[in-house]
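> All chains, please: the whole structure from these sequences, using the hints.
Residue-level listing of the chains:
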Amino acid sequence: MNIPEDRNYAATHEWASEPQDGIVTVGISDFAQDQLGDVVFVELPEVGAAVDAGDAVAVVESVKTASDIYAPLTGTVEEVNDDLEAAPERINEDPYGAGWLFRLRVEGDDGRDELLDADAYRSVCEEEA
Amino acid sequence: MAYTPHTDDDVRRALTTIGVDDVQALFASVPAELRDPSLSLAEPMDEVRLLDHLRDLADADASRGPNFLGGGVRRHFIPAVTRHLTFQSEFVTAYTPYQAEVSQGMLQATFEYQTIMSELTGLPVSNASMYDGASAVAEAALLAMRTTRRERVVASRGVHPETRQVLATYLDALGATLDVVDLGGLATPVPADLADAACLIVQNPNHLGRIENLEPFAEAAHAAGALLVAAVDPISLPLLQAPGEAGADVAAGDGQTLGVPAQYGGPHFGFLVVGERLIRQLPGRLVGQTSDVDGRRGFVLTLQAREQHIRRAKAKSNICSNHQLTALMATVNVAALGPQGLREVATGTVRNAYALADRLEREGFDVVRDGPFFAEFPLRVARDPNDLRRDLHRAGVRAGVPVPVEYGLGPAVLLAATELTRPDEVDALVAALHAVGAGRAEAVR
Amino acid sequence: MSGHDAPLLFERSRAGRRAARPPRVDGPPVEELLAGAALREVAPKLPEVSELDLVRHFTQLAHRQFSIDGNVYPLGSCTMKYNPKVHEDAAMLFADLHPYQDPESAQGILSLLGGLQHDLEVLTGMDEVTLQPAAGAHGELAGMLMIRAYHRAAGEDAQRRIVIVPDAAHGTNPATASMVGYDVVEVPTGPNGEMDVAAFEAALSPEVAAVMLTNPSTLGIFESQIRRIADAAHAVGAQLYYDGANLNAIVGKARPGDMGFDVVHLNLHKTFTTPHGGGGPGTGPVGVKEHLAPYLPAPVLTHGDDGWRWDEDRPRSIGRMRSYYGNVGNLVRAYAYIRTLGLDGLRDVAEKAVLNANYLRVRMAEQGYPSAYDRSCMHEFVARPPEGLRTLDVAKALLDEGMHPMTVYFPLVVKEAMMVEPTETESLESLDAYAEALGRIRELAVADPEAFAAAPRTTPVRRLDEVAAARRPVLRWSPETHEAISGREDEAG
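Protein chains in written order, with the working numbering: chain Y, 1 to 129; chain G, 1 to 445; chain R, 1 to 493.
Just so you know, the hints here were simulated from the structure itself, not pulled from any lab data.
Since this is a predicted model, take the numbers as computed values, not measurements.
Treat the hints loosely; a few may be bogus.
Per label pair, the in silico range of CB-to-CB distance [said to hold, decoys possible]: (1) G:Gly408 x R:Ala235: 48 to 54 Å; (2) Y:Ala56 x G:Gly295: 52 to 58 Å; (3) G:Pro404 x Y:Ala11: 29 to 35 Å; (4) G:Arg146 x Y:Asp94: 27 to 33 Å; (5) G:Ala32 x Y:Ala118: 58 to 64 Å; (6) G:Glu276 x Y:Ala11: 45 to 51 Å; (7) Y:Asp6 x G:Asp294: 43 to 49 Å; (8) R:Leu39 x G:His84: 52 to 58 Å; (9) R:Lys85 x G:Ala431: 41 to 47 Å.
Glycine included, every Cβ here is placed at the ideal spot set by N, Cα and C.
Next up, the structure:
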């Protein structure tokens, strides 16, 4: 199971990168994309939308299921990954890179300590598998 | 009668296998006080008595002879081949094509249906059909609300009254508002106030038969950030500007005129066709083309993750089934007629409708017309429209759908002609109108 | 079933060919008549075929379609029973009636509809029935709108925001509740397959507007605590909604009205055997207890001195659900069914449906497909595949046996669920054959796992690429479509 150490995770399987100039990138984990199967469509939030940690802000669809994606942190949507519209398979192929979903502008470090580190997230996955 | 195949031996064998003494034991989880209540239903009939009984009922009704009834449902040509091909038992007794490998017949026919509806409406994406025209228009309004995130719907009074009633029911469920634009004459004026509107709904031809010019509505709707929903009669589309050509975002309507019998109002089917950008908001089933593991072309239900069986409380709509068999009937019928035959149906309808209106005017009746119309037009009458319709029926003619008071025409009825209307039927109608005192123009005005 | 490639209508098309010809109508050019109207610029590209081309096309498509008339079709919760042929003849008798003809000229059909309403009232134990909704889910919407109107009239609409459904419920239940603006709370299934009544009672509060139940449930188990459930729901002022999808198990033998339900929708295409038609038209009448009757959809069929007529003057009605009065063609079929079976015949339906389900449950368990709950079932049951096998693969292997799979992966509360509903019209021989086919499949999976995983091989097409279909949807034919698809194959190859 690929769980990079350089980011944090929500128990609902989203990852959030370290902030850079107040911007956090969000995607779903390798475990999540594997459970979903082939992703066929992604519904992304609107740029400029204010979101609270825990809000359902995006939907990732595979053929037989659709999963809500929850904002791991509170902030404002700065950018979304438009490439996924034409190539949703990037979420399966490269969940931690080209398959990112959206970027949030966050204030300070609020809520980050609620998220899991790689080890803690690994045990969440092991429980669910 | 019974359709259960079990012999006494079968029942014994089954009970032995299951390990219970009698069938009633299998109902043990139903509390005893609820079980086998004393009920009374009519004594069962055998097949012969059933058909005699039903024929007696059917014979009491008028279903033959001159028919000038309209109001959205009309008698059009349905060749014998349409019914025979549609009601093949493989189509009639199939379920929803969830197992695509053994459902290619219905799936392919649905793909063909989607293509036909797309061609007729001039919009690219049709779903696999809806319940009826009214609920299709209501779903179109909900789709517009999701897309624009607005909660006000504006509809022309020219939209069929029952469609507007259904729309009101659906919108009330969500706490949204419905505003109605009055007609100017028989046509809809372009509404000035579309601010905050999710969509404008215009019916063409409208409920009074008048042809509307859709383009100005598309421009006005788009200028206000709203969608234009065109509620159209599909049999008019070989002639009239297609919704897509006019700039409409959504086309919806009832498919009865495309080759489904009237059946006292159902089942028909509804259609819903949208522009490319609205695919993900489209409710209901969709069939898509793909290929199998050997590279062969095949068809599947697709984009199902929008639907209730997966999204449950977050689905775009609770709609589960469609009206597959009646949509298939229209598909077969369109193919039976072909583009030329379909155009002949539309042309024959217009010619007979104009000939009827002209004849009635020559006879001195008060036809209401202020521009082009398709199959139907209003006739002002000197009597209560419901009584008039009853007396026309007694005189052997089915005609005279009352025009609702909301149109402000005074006592009036709709008359419809189609390509099937014969000159002798027109004579019968004229004679009946005279006989029941429908009233000449000077008496009516 | 035919394995030949089937060209699309559009690919069979040759310019100038035609089949049926409408009567010729002479007259002036329509452009002249319709002066001032916006006319079509581009003619629709529709298929041009001869009548025999057309017949061959749709006959070949029929041969590529599985059906009840072809073989056993035990889809759980779908009630795929035999659709009697005489019903088709019956429906044709009323095909040319117009919804707006004078009621005096339609007394025959109206008395039939009145009779059907009465029969459904008797069978459900409800006070009034509307025949208007076009399908089960449509009936659900009507039912939930009536419940909301009732709470509104009591001034409790703002307070009652929650609808409770069991976790095994059909997807339409939560979807309908949310369409009416309610929040959905799910209650878990207990270890015996019935709804966890303690959890249910804990979820109840004065905020609950309604409880939606299917009984027997989608697990094929009768909620034996139904009276307690009903009393508890009513004690907090909630309404009890009956999803009639599984009425076939108890038709004539027990009534939702007696159980305490306030609203019932029926799927006439299930219990009352109107044909499924490949996915519709369905028909979803709704029955209500007296306190909800003022809210029924308008118009309502009434009988008075002037015979049968439609009453549009219903000030407290939720309004119309659809145009006209309902799917009358199907209502005629359902009426014919009830009137030919009578009460004893309908009870026999329920008893044989339950007998067949239990027989197949035992026979499938013998073949290594155990039930999810170790108890007798009603009209259907949920089984699991043998250890290590996937339900999807078993389903596809059944297709090679010429049999239709059960409902798969539903209800969601059972992993690898196989939901089986044989219905009363199957013979024991056909159920034996089904169980034996499942036994052969189990052996095949062990003996030749590759062949097992590659099923189906004998169907008109084999496993289809649903991912490609959803990622880049091709939803209609166009001359370019075929090239695009070929291009994709080249890419993949």
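> Give a verdict on every hint.
Going down the list of hints, with the structure as the test:
1. G:Gly408 x R:Ala235: 48 to 54 Å: holds, 52 Å
2. Y:Ala56 x G:Gly295: 52 to 58 Å: violated, 39 Å
3. G:Pro404 x Y:Ala11: 29 to 35 Å: Violated, since G:Pro404 and Y:Ala11 (Cβ atoms, about 58 Å apart) do not stay within the stated range.
4. G:Arg146 x Y:Asp94: 27 to 33 Å: holds, 31 Å
5. G:Ala32 x Y:Ala118: 58 to 64 Å: holds, 60 Å
6. G:Glu276 x Y:Ala11: 45 to 51 Å: Given a distance of about 38 Å, which is not inside 45 to 51 Å, the answer is violated.
7. Y:Asp6 x G:Asp294: 43 to 49 Å: holds, 44 Å
8. R:Leu39 x G:His84: 52 to 58 Å: Since the Cβ atoms of R:Leu39 and G:His84 sit about 34 Å apart, the hinted range of 52 to 58 Å is violated.
9. R:Lys85 x G:Ala431: 41 to 47 Å: holds, 42 Å
Checked against the numbered hints given earlier, this structure breaks hints 2, 3, 6, 8; the rest are met.
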